[in-house]
Structure formats: C-alpha cells, structure tokens
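*Asks:* Top to bottom, those sequences are chains S and X.
If you count the first sequence from 1, position 59 lands on 59 in UniProt numbering, and the numbers rise without skipping.
If you count the second sequence from 1, position 236 lands on 236 in UniProt numbering, and the numbers rise without skipping.
Don't read these hints as lab results, they were simulated from the structure.
Computed from a predicted model, the values in this text were never measured in an experiment.
Glycine included, every Cβ here is placed at the ideal spot set by N, Cα and C.
Possibly wrong hints are sitting among the right ones.
Unchecked claim - No farther apart than 27 Å at their CA atoms in a straight line, the calculated lysine-lysine pairs in the DSS-like style are these:
| # | chain 1 | residue 1 | chain 2 | residue 2 |
| --- | --- | --- | --- | --- |
| 1 | X | K102 | S | K107 |
| 2 | X | K612 | X | K636 |
| 3 | X | K378 | S | K127 |
| 4 | X | K75 | S | K107 |
| 5 | X | K126 | S | K107 |
| 6 | X | K126 | S | K127 |
| 7 | X | K429 | X | K213 |
| 8 | X | K378 | X | K405 |
| 9 | S | K127 | X | K75 |
| 10 | X | K282 | X | K333 |
| 11 | S | K90 | X | K108 |
| 12 | S | K127 | X | K546 |
| 13 | X | K405 | X | K333 |
| 14 | S | K157 | S | K90 |
| 15 | X | K75 | S | K90 |
| 16 | S | K107 | X | K108 |
| 17 | X | K102 | S | K90 |
| 18 | X | K126 | S | K90 |
| 19 | S | K127 | X | K108 |
| 20 | S | K158 | S | K127 |
To be verified - Which chain S residues stay away from chain X? Per the calculated CB distances, all over 10 Å, these:
| # | residue |
| --- | --- |
| 21 | R38 |
| 22 | I58 |
| 23 | K62 |
| 24 | L99 |
Said to hold, decoys possible - If you want the ones that stay clear, here's a sample from chain S, every Cβ over 10 Å from chain X, calculated:
| # | residue |
| --- | --- |
| 25 | V32 |
| 26 | T40 |
| 27 | Y49 |
| 28 | E50 |
| 29 | L72 |
| 30 | I104 |
| 31 | T112 |
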Amino acid sequence: MNFLKKVLPIAETQLNMANKSALHTSAVCCRVQSGRYRITTKRDRPLTYEMANPPHFIGHRKTWNSWNTSTLKDGLRPSQTAIEDVFIRKFITGTWHALVCSEIIIKRQHNTIRIAAIIRQAISPRKMYFLIGYTEELLSYWMQCPVTLEFQTVADKKDVVFKYI
Amino acid sequence: MYLSAQLRLLSRCRLTRHIASGNGTHYTIAASPATAAKEEEEHIEIPKRIQRSSTDLLQALASTVGRDSTAPHYKYHDDPYLIPMSNVAKRTYALSKEAGRKAANWIKEEHRELFLHQEAQPAIEKFAPSMVYTEQSDVDVDSLQQLIDQGELTDATLVYNLLEQKGVAVSDALKQSLLELVCFYNNQEPLPEEYIEERWFLQNSRRRERHGKTWKDGDLAEKLYEAIEPKTPQSYAALIRGMAKYLQCERAYALLQEANERQIQLDTNTYNAIIQIVSYLKDSADQRWQLCSELLQQMADQQLHPNLNTLNALLECISSFGNFKLARSSALKLLAEFKQLGVVPSLGTYYYLLIIFCRERAPVSHVIVDILNEIGGKEFKIQHPKDTYFFATAMDVCRNHLHDKALAKKVNDLLHTGSNYDLVGDSFKESIYYRNYLALLCQTESIEDFMQTYDLLVPNIYIPEPGIMEEILRAVEISGAVDQVPRIWSDMVIFDHTHRESLLLYVLRIMVDNRPNAELPAQQQLPEQCAKVALDMFNKIEESAKRIRKVSFTGQMLGNILTLLVRDAGNTSSFEKASEVFAYIDKQQHRIPGTPADSALLEYVEAAVVHKAPTQALAALQYAVENNMETSALAKCIHDGYTLSEVHLAKLKSLVGEGFLEK
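Whole structure, please, built from the sequences with the hints as guidance.
*Replies:* What follows is the structure, given as structure tokens:
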C-alpha cells in the first residue's frame, strides 16, 4: 500500500501530462475498505452484528441505518436530511454519553422521526426517563417535528457483541 | 391519490344505492351486466355530504383501540428495564420524563439564537423560542392584544405596564380582556398546559390549598377595573367572578350589590359564582338557603336563564348543610325545578347528589341506584370542574355506604363506556376509585372471581396499597386459598410491601394455618412453594436490618418460617435451611422478642427425627428448656424417634431430668 501511495501521484501526473481526459484505471480503494473492520492481532476487537457484516450485505443480512424517502426520484430535502441525521447521531451519542452500544437507526415517516438504539443499563431508570424526555423535546425543537425515541436496554455491553476479530 | 381517483370512478350510483337502501349486502364491483342495467333505471338518491372535522378520522381510528391491561401505560417506555413496577416508580418515571422536557424547553429559551431557524412549512410557533419582553422592549397595542390571545399572563401585564409608562392609550375593550385574563388566573402564572403529567400527579397536594382567601387585594385586577370608565357590565362580571373564584367573598358580594343598585345587567355565570360562595357568606343553613333564593329571585328579575353551573353551584351550597333532611328535600326540589327548565345534569350534579344523600351520619340512601338507572350506558363530556369527582365518590358510596357489589360493577361499566374514562380525574382519584373497587370485590366475591379482576387490573392499571393488600390477604385467609399466596407474595415483593410487618405476619399465618393437603394433585407443589416464600421472607428481613425502614424478627414470625421450611418434607435442602433458621433463633434469642410457638418446635423436632439429626433435635429441646416452654412432648418425640447414643441420652436426661423416662 505504501508503495502505491508513493507511486500513484507520480503516475497520475504523468498520465495527466500525456492525456488530459484523465481516465482512472486503478482500483477504487474505498470500495474495499469502508465499513469493514480490520482483524486485530489478539483477535479481541468486539463487533456487533451490524459491524460484523460488510456493506455489501445491506439489504440481505442487515438494513440501512437511515430510513427515509429523500433520495427517491423527486424526493425532498436530500442534503438536509443527511446533515440532520449526522446531527441526530452526534447529539444522541453525546447526550447518552458512553451508553449507546449500537448504531443509531433513524426512521422518518411523514412528519415524525423515530430513533432506535440499544442503551446500556448503566444509569437508573429515572435518569433514563429524564434523558428520554430531554432528547425527544430538544430534537423536536431542532427538527421542528415530533421525535420519538424507541430505545431498548441491555444489562451489559457484551450482550450486543456478535463476535471478536 | 391514485386510490382516491379510482374510488371516485367506481360507479357512484351503485355504491350510494347500497348505502341508501341500507340492506347491508356485501358490496362487490363485479356485478353482472344484467343487474347493472336494471340498476341504472332505478332512482338514485345521493346522500348529503357529512361535514367532518380534520380530526374525525383520527378519532375514529383511536376509538378502535382500548386500554391494554397487559401492557403499561403508553407514556412509559416499552422496555423491561424501564417499566415501572410500583406506585412510586410510576410517579417518578412520568415526572422525570416531563422534567427532561422542561430542561429542553429551558435550553431553547436560554439559547434562543440557536433555535431561530425555520424548517416547518408553515412555521410552528411552539417549536420556536417565545418572545422575550423586557423594560426596554419596543411594544405597541397589537403585541398586548396578541399576548392576551395567547394567554401569556406575565408578559401581558409587563407590556401593559410598559404601555402605561410610555403614555400609550389602551382601549377599554383591550383593558377589559386583560382584566378578564388577570381575574381568571388571579395574576399568577398558571402551570403550562403541555405538562400533563404534573397535572395528573399534582391534585393530591393542591387539595389543601383551596381553603381561605387567595385573591390579591389591590393588585393589578382592581387597578384595571378602576381604569375602565364608565364601568361596563362585563368589567363588573369579570371582577366579581375573579373575587369569587379566589374566595374574596365579602367584597365579591358587595360588588354584586353595588352593580344591582346601579341597575347594571349582569350575566348568569356571575350569579353562579356568587351562589358558589354563599356558604362562605352565611353561617346557618337557613340563612344560606335564603340568600340563594334571593339571588335566584334577582336573576329572575333580570330575566337571566339559569344553567348547569347554577344547578351545580346551588347543590354545592346545599351539600354544606348540616341538617340532612333539609338538604335532601331542597336538593330534590331543586332537581325537579331544573328539569322543568330543561337543564341537563352533568356528572358533577350527580356527584353533589351523592355527597348530599350518602353521608356517614345519615340514614342509608339508595339514590345511587336511581342515578345509575338514569345515566347507565351514557357517554359524558366534561362540562363542570366537579365532573371528575363522580367516579371516585360513586365507588366510595358503593363500598362504604351500601356495600353492594352489583352497583360497583355498574359504576365500573359506566366508567368504561365510550370516552368516560377521561373523566376519572387524576392519579389520586383514580387510585381511590380502584382502591374502593378492589376492597369491595375482595370482601364480596369468591376468591377465584376476585383474582380474575385482580389479574386484569394489577399491576399495569392499579397497584394495591399496603392497606388493600391486607384486605386481599384477609379474603385469601377466609377462603383458605393458600394456593394464591405464592403469587401474591411475588407481587408484594415487586410492589415493595415487604417492610410492613403486619403484612408479613399475615402471609405467614395463612400459610401455616392452611396446611396443604399433599393428596390433592393441585396442592402437591404447595409445600415447596411455601417453603420458598418463607425462605425468601427470611432473607428479605435479614437484609432489611441494614436499611432505614427495617423490620425486626419476632419469635412468632421465625417459628412460622421454621414450620413452613420443615413442611417441605420431600426436600432435604429445606431441612438444612430450617436448621440454619433455628440456629439463628438460638443464637439471637436475647434480641428476638417472644419465642416460636410450641407447635413450631414440635414440627421441627419431628422433622429432625425424619432426617435423623439428633443434635438439632436436642438443640431445640435445650432452647425450649431455657425459655420455659412445653418440653415433655419434645422429649418424648426425641426419645421415641431415635435409638440415642450414650452422649445424647445423657444430654436428654440432664435437660428434662431422670423422671421423664419412667413415665
């Protein structure tokens, strides 16, 4: 890989000089790398089921993390939706600090947003209810639509581990 | 869209014909051509369009779903960890969630600059931070008008004061609407409407406040009233109603008289407000009733038509009469008269009737039977603030006044008719309702029938308080249904009743007194289950010693636990546990008040014989001797049961004396 990194820019400039239409012939790196986890030497990296399945299994063994219709033909607000989803994910992982132990699933139906995740039972139910009320209300102020949390809890973080690699 | 277009294309005539004729046959599109031709000749009557409101569809959908008694209320999160299991938890969780919402609202108001974006089309005001008015704000009459329309009390008064400082003229109409707002709330910011849970759990503590005057004398309301010149009937009405609502009774009445002297035409609801406070104005029943008639006469002179509020206010006045005969007769007269006037009573009216007729120190009245015959199966909407008191009071009457199961069931049916459950009031009234209902049922029904109701209501709709648990245990004891005990015990553990000594003793007593019959197949599991309950209780009490609310053992209690453990004869581990419990009794005998019953020790010794454990048996005998208990039966049991070794025989002799063996 390192070798390629050194060589590629040079090859590219040469290609550019030779041919201005700049046709890439190298393999696409991101396709083989993104959404996959590297095996550790000690084989002790915990993966959830969601993490254990690489992207090409989406729609087969696992599903999308964001559910909406913004990217269909004539879909509304595609870019805003994507940005909002990033905001929601950051907001929830920050508000439920060190408690979220799964991906955050965001489902949009009509004007409501339903957010699902798996939460560790590390704080008392009372505090959890406070956070639920707070998160729902603040996100609905931000997104200006009803927001519902559909969290589930697990007693231990290890309960969601599918395998170690 | 596609679907609705298709529906419109469907031959309208056939559809309407079927609906109009109402023959109820199943509608199919594939009608044969012959019948279709025939139909075309028929006269087609298109029904009138029914006007629907925007929420009718939602309401129709909602009416198909009832309360699911197997799941917790939908305000709680659907996850085992987050489902509340006791009354305290129910309250805490709901209020915590609302506290979180309040915190978010605070953030929004505090960092208002971050929440000024507008995503929704059209913009939704509730999602945007509210306007902030300060001494420096640039305000005009329109903003005051807007604030009054929104019911923002503090901001409205602030803006009004600002306008006054600047010398901007405020029209009398606007002053009037501000006066009405201030009088309604007594110039105190009310609890915001969106915090439902707080309202639901609040009523309990607010009950105490509502005695004595809370009206703010000389405050903004009266200043506004002064500022309105000339005085209009509306300004009089607003001030009188405000004063009456917050129990500034003398002045409210004086103002009414002043208005009458000036020949000002007031309205019905103002008179109603005064009638409501008659009991504060006059002391004796006769005087009160006289004042009521005077007020009614005045209303008649001014040609005001009395309404439901008048009826309820009069009944409230009557309910304060000490003399029950006078109260009953005047209430009946009143009802007859209002029926002639065509006033339809609300649930609040019936609530007043119940408290007038069913009093503790008056003869028993069956008025509730007539009431239920009148309103059974009807659906009610809220019309009067006291409407929500009906169900709790009716159930109270059923239990404490008449003690009638059939009536209670009728009341319960009425509560579950249509949307009547909305009128149950708040958490406090709901729990009173179910408390009375369950207590009545467990006294009057057989235990099997009662347990069906219990399964339906507990724990998602209602969680019994310790007092009701005791009633239930009493019912179990009377019917000797020891098979229900393990189940009730597990509920008690979940509802956190295990720190009530009386309940613990009750559970133990039931299990000890009703020895399970091992020959019945249904009861074969029972000794084991009872032993488990007893052991669980022993552990719970031992743990509780570290807590603040601790329960302490008594000799009686330990004796019962011992008996139950010993009775689980098929299980050797139970006997081991029993030995542990006895060792505990023996060791702590100076701390534990009282001793186990003689029969408990005897059963323990008998079990020791069965399990061939002479040391334990002799320890029990020694304990009995030390505590001056009946020993001869124990000694006899030990002597007959074992072939004792020398050591043991010597010990036996030293404990009960030589003379024993010769008997």
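*Asks:* Is the Cβ of V32 (chain S) more than 10 Å away from each Cβ in chain X?
*Replies:* V32 (chain S) clear of chain X: closest Cβ-Cβ about 38 Å, beyond 10 Å.
*Asks:* Are the Cα atoms of K126 (chain X) and K127 (chain S) separated by 27 Å or less?
*Replies:* Measuring from Cα to Cα gives roughly 26 Å; hence the hint holds.
*Asks:* Decide if the proposed pair is consistent with the structure: K378 (chain X) and K127 (chain S), CA atoms, cutoff 27 Å inclusive.
*Replies:* The hint is violated at about 43 Å.
*Asks:* Given the hinted pair K612 (chain X) and K636 (chain X), is their alpha-carbon gap at most 27 Å?
*Replies:* holds (16 Å)
*Asks:* Would you say Y49 (chain S) is clear of chain X, with no C-beta pair closer than or equal to 10 Å?
*Replies:* holds (19 Å)
*Asks:* Would you assess whether K62 (chain S), listed as outside the interface, keeps its beta-carbon beyond 10 Å of every beta-carbon in chain X?
*Replies:* holds (22 Å)
*Asks:* With the threshold set at 27 Å, check whether the alpha-carbon distance from K126 (chain X) to K107 (chain S) stays at or below it.
*Replies:* Measuring from Cα to Cα gives roughly 23 Å; hence the hint holds.
*Asks:* Given the hinted pair K102 (chain X) and K107 (chain S), is their Cα-Cα distance within 27 Å?
*Replies:* holds (25 Å)
*Asks:* May I ask you to check that R38 (chain S) keeps its beta-carbon over 10 Å from the closest beta-carbon of chain X?
*Replies:* holds (34 Å)
*Asks:* Does K213 (chain X) lie within 27 Å of K429 (chain X) when you go C-alpha to C-alpha?
*Replies:* Holds. K429 (chain X) to K213 (chain X) sits at ~25 Å (cutoff 27 Å).
*Asks:* For the pair we were handed, K107 (chain S) and K108 (chain X), check the Cα-Cα distance against 27 Å.
*Replies:* Between K107 (chain S) and K108 (chain X) the Cα gap is close to 24 Å, so the pair holds against 27 Å.
*Asks:* Against the 27 Å threshold, does the CA-CA distance of K90 (chain S) and K108 (chain X) hold or violate the hint?
*Replies:* holds (18 Å)
Checked against the numbered hints given earlier, the structure breaks hints 3, 13 and satisfies all the rest.
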